[in-house]
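K.L.:
Residue strings, one per chain:
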Amino acid sequence: MVFPMFDANDLAVFPVDVWIADGVQWLALNLRPLFLAIKWPIENLLTFNDHVLHAVPFPVFLILAFLIAYRLASLGIALFTTIAFVIIASLGVWDESMTTLSLISTAIVISTAIGLPIGVWCALNDSVWQVVRPVLDIMQTTPTFVYLVPVVMLFGVGTVPGEVAVVIAAAPPLIRFTNLGIRMVETEMVEAGLAFGADRRQLLWEIQFPLAIPTILGGLNQTVLTAMVMSVVVAMIGAEGLGLVVLQGLGRLDVGRAAVGGIAIILLAMILDRITQKLAQPATSKAKRSLWAAVCAALIGFRSKPATGPA
Amino acid sequence: MNERLRIENLYKVFSDRPEKAMSLLKAGVGKEQVLTETRAVVGLNDVSLTVPGGAMYMIMGLSGSGKSTLARCINRLNEPTAGKILLDGRDIVPLKPAELLEIRRRRISMVFQHFALLPNKTVVENAEFGLKMRGVPLQQRRKRAEEILSIVGLGKWCKHYPHELSGGMRQRVGLARALATDADLLIMDEAFSALDPLIRSEMQDELLRLQRTLNKTIVFITHDFQEAVKLGTRIAIMKDGAVVREGTPQAIVADPGNDYVSAFTREVDRSRVFEASAVMQPCEAIGKSGEIQIVRQATGKIKRIGFALDSSGRVVGLLDEVAFSKLDAGSACEGLMSREFVKVRENTKLIDAVRMNGPQQPMAVVDADDRFVGLLQAEHILAFIASSPSTVASAHGVPNV
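From first to last, the protein sequence lines are chains A and B. In this text, residue positions in the first sequence follow the numbering used here: the first is 359, and each later residue adds one. In this text, residue positions in the second sequence follow the numbering used here: the first is 2, and each later residue adds one.
If you are wondering where the hints come from, they were derived from the structure by calculation, not from laboratory data. By construction, the Cβ of each residue, glycine as well, lies at the ideal position given by its N, Cα and C atoms. Among the hints, erroneous ones may be present.
Here are the simulated lysine-lysine pairs, DSSO-like style, with alpha carbons at most 27 Å apart [unchecked claim]:
| id | chain 1 | residue 1 | chain 2 | residue 2 |
| --- | --- | --- | --- | --- |
| 1 | B | K144 | A | K636 |
| 2 | B | K217 | B | K85 |
| 3 | B | K97 | B | K122 |
| 4 | B | K144 | B | K157 |
| 5 | B | K27 | B | K240 |
| 6 | B | K157 | A | K636 |
Computed Cβ-Cβ distance ranges for the label pairs, DEER-style [to be verified]:
| id | chain 1 | residue 1 | chain 2 | residue 2 | range |
| --- | --- | --- | --- | --- | --- |
| 7 | A | L482 | B | Y261 | 41 to 47 Å |
| 8 | A | G434 | B | L36 | 55 to 61 Å |
| 9 | B | V245 | A | M542 | 33 to 39 Å |
| 10 | A | A617 | B | A195 | 30 to 36 Å |
| 11 | A | L482 | B | R107 | 22 to 28 Å |
| 12 | A | P475 | B | F15 | 47 to 53 Å |
| 13 | A | P399 | B | G154 | 51 to 57 Å |
| 14 | A | L482 | B | P138 | 26 to 32 Å |
| 15 | A | L482 | B | R213 | 54 to 60 Å |
| 16 | B | S16 | A | W398 | 51 to 57 Å |
| 17 | A | R541 | B | L36 | 26 to 32 Å |
Chain B is nowhere near these chain A residues, computed Cβ spacing over 10 Å in every case [claimed, not checked]:
| id | residue |
| --- | --- |
| 18 | V376 |
| 19 | L392 |
| 20 | A447 |
| 21 | L494 |
| 22 | M497 |
| 23 | Q498 |
| 24 | T499 |
| 25 | L506 |
| 26 | L552 |
| 27 | Q560 |
| 28 | G596 |
| 29 | G607 |
| 30 | Q635 |
| 31 | K636 |
Looking at chain A on its own, in the form it has when it is part of the complex (with noise of 0.2 Å):
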């Protein structure tokens, strides 16, 4: 007589396919306000957005980009930005590139706006963080095109859709370096803000969040670069930008179109990032460039170095 071996299939007995389908289903149908309500200001800030990075005259954009990228990093990075983007433009993707960066732009803000008190409030509330930590975990471990499975039943397909995939993707990152940044202020530090009588407010305001601040910067980085990956993968759901050229090239078996489509992204994502780590890297000179000083610079032809503070 033979036995018939246990097999690993005969446990396949829960239909969690079906149940997970009936729930989302269930949950687009019935919270459909909640979900228009989350689209609403997402929509209305990206259409923004795009509208005025479209609108920005090429050259103007360019004096813009590199005036912001002198403030915010270096000279170097100021020019290194502006050469990249007339390599964009000269690629012939500067509207999807624009698309995209106003994607990137909008999920910054949002991203900054949610992740920022969510951060502190962990940071402050170990059972807060007790419950936000695994959601953070799934978050992040989930593969990105996992996102959209849901994204698509509860938000439809196209840009706001994927814009709302480039927030949930973007928004961990920097809420983890809050918390990391906060709870990692000195002891020391803490003490002297209450050994002078702050209050739990001031606490926060004069001492934690300040002290945590170049850690906080070093999360932005990574949201920005997150937001940059969603933003191409979400042309899977419909997004404009340079993520659809790069899938309209492999749709099309057209090598040299996704090239320039991975070239562009490429340098996007260079600048973006150069940026946002120079913000991230501690000050040890405090002198702040004012615009006034890089409108001079652009002017005398890069020359003369910004002033530095006193050694």
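For chain A, the structure is supplied; the task is to place chain B on it using the hints.
P.N.:
Below, chain B without anything else, positioned relative to chain A:
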């Protein structure tokens, strides 16, 4: 002596449920055994202290002795497990958060070992931090901070950032921040321990200078016995969370009381701790010559030497052995005494007395009113510095406070 701060039977046990550890401690069980039985770390074990107003009270101990825990209990950065902390007679242990904030803003301030200056704020913004917490308007607190910074010698550095300053200067900012709030009780937690030796010595002198004019009550935590002796008006030595010896620096050096303390006192430069009054020899009056009173060394009569005093007890001349023999022969004192003699105040440190000492001559020791109190000789100072602690205490009867 008005008392500013009194600590009564203070306990600190680091544990979520300290009750069992507390009952063990009160039954006299040691720190180690409490740890093995309850896994609770004992920070303070029945500490009682009295800090007089205007004192520089040193709390000295090695790592893990509980000295920093004690300092942090005083402004309740650490919550005491049991006991009382009386600031001007008012117990601050049961205070509510709002009252505690007021105490921290107005009565107690603190200087930290690693300065704890905010790197994103300028020197003057750091110095005014305490006032800002209290809600003092910008102009007023800025003015006050600038005043204090110029007192500690940093008037020109207001607009700079802490990272532009050296260690000693940073701690001056820390000190200025603590002084700016006008708190009368200053907790200095190993304030100079992170500085290199020369700067540390300079800062100690600076603190002594400031203390002469400010007259704050200072609780100073240190692991350096030399520092405790140099700065302190009183010293409490801690071990395993308990005070093992308490007293004036002189009393502790003269009589350590136990082996643990004598390990520290052995290295101390006794000439910098003791004053002329501890070594001076008493003199006896042996007669009068007109208006002038003659006093002579009362003990150790190897040589007959003494001084001539006027009617109010002021020293007018030195009488050596030759002079005494002529006096015995009936000569008048006026012509015999030497008017070149060295006079030291009774609170002069021995090292300074030695510097003033003339060749082979005894020095006259006088009190604050310039009246003669005793006679001091170089050989006695040498013998005193070289002697072992126990013999000093018994030979000269230094009061064991």
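K.L.:
If a hint holds in the structure, say so; if it does not, say that too.
P.N.:
Hints versus structure:
no. : hint                           : in the structure
1   : B/K144 with A/K636             : violated (36 Å)
2   : B/K217 with B/K85              : holds (22 Å)
3   : B/K97 with B/K122              : violated (31 Å)
4   : B/K144 with B/K157             : holds (14 Å)
5   : B/K27 with B/K240              : holds (17 Å)
6   : B/K157 with A/K636             : violated (32 Å)
7   : A/L482 with B/Y261: 41 to 47 Å : holds (43 Å)
8   : A/G434 with B/L36: 55 to 61 Å  : holds (57 Å)
9   : B/V245 with A/M542: 33 to 39 Å : holds (37 Å)
10  : A/A617 with B/A195: 30 to 36 Å : violated (57 Å)
11  : A/L482 with B/R107: 22 to 28 Å : holds (26 Å)
12  : A/P475 with B/F15: 47 to 53 Å  : violated (33 Å)
13  : A/P399 with B/G154: 51 to 57 Å : holds (55 Å)
14  : A/L482 with B/P138: 26 to 32 Å : holds (29 Å)
15  : A/L482 with B/R213: 54 to 60 Å : violated (44 Å)
16  : B/S16 with A/W398: 51 to 57 Å  : holds (52 Å)
17  : A/R541 with B/L36: 26 to 32 Å  : holds (28 Å)
18  : V376                           : holds (47 Å)
19  : L392                           : holds (39 Å)
20  : A447                           : holds (39 Å)
21  : L494                           : holds (28 Å)
22  : M497                           : holds (31 Å)
23  : Q498                           : holds (30 Å)
24  : T499                           : holds (34 Å)
25  : L506                           : holds (41 Å)
26  : L552                           : violated (6 Å)
27  : Q560                           : violated (6 Å)
28  : G596                           : holds (45 Å)
29  : G607                           : holds (47 Å)
30  : Q635                           : holds (20 Å)
31  : K636                           : holds (17 Å)
Hints 1, 3, 6, 10, 12, 15, 26 and 27, counting from the list given before, are not met by this structure.
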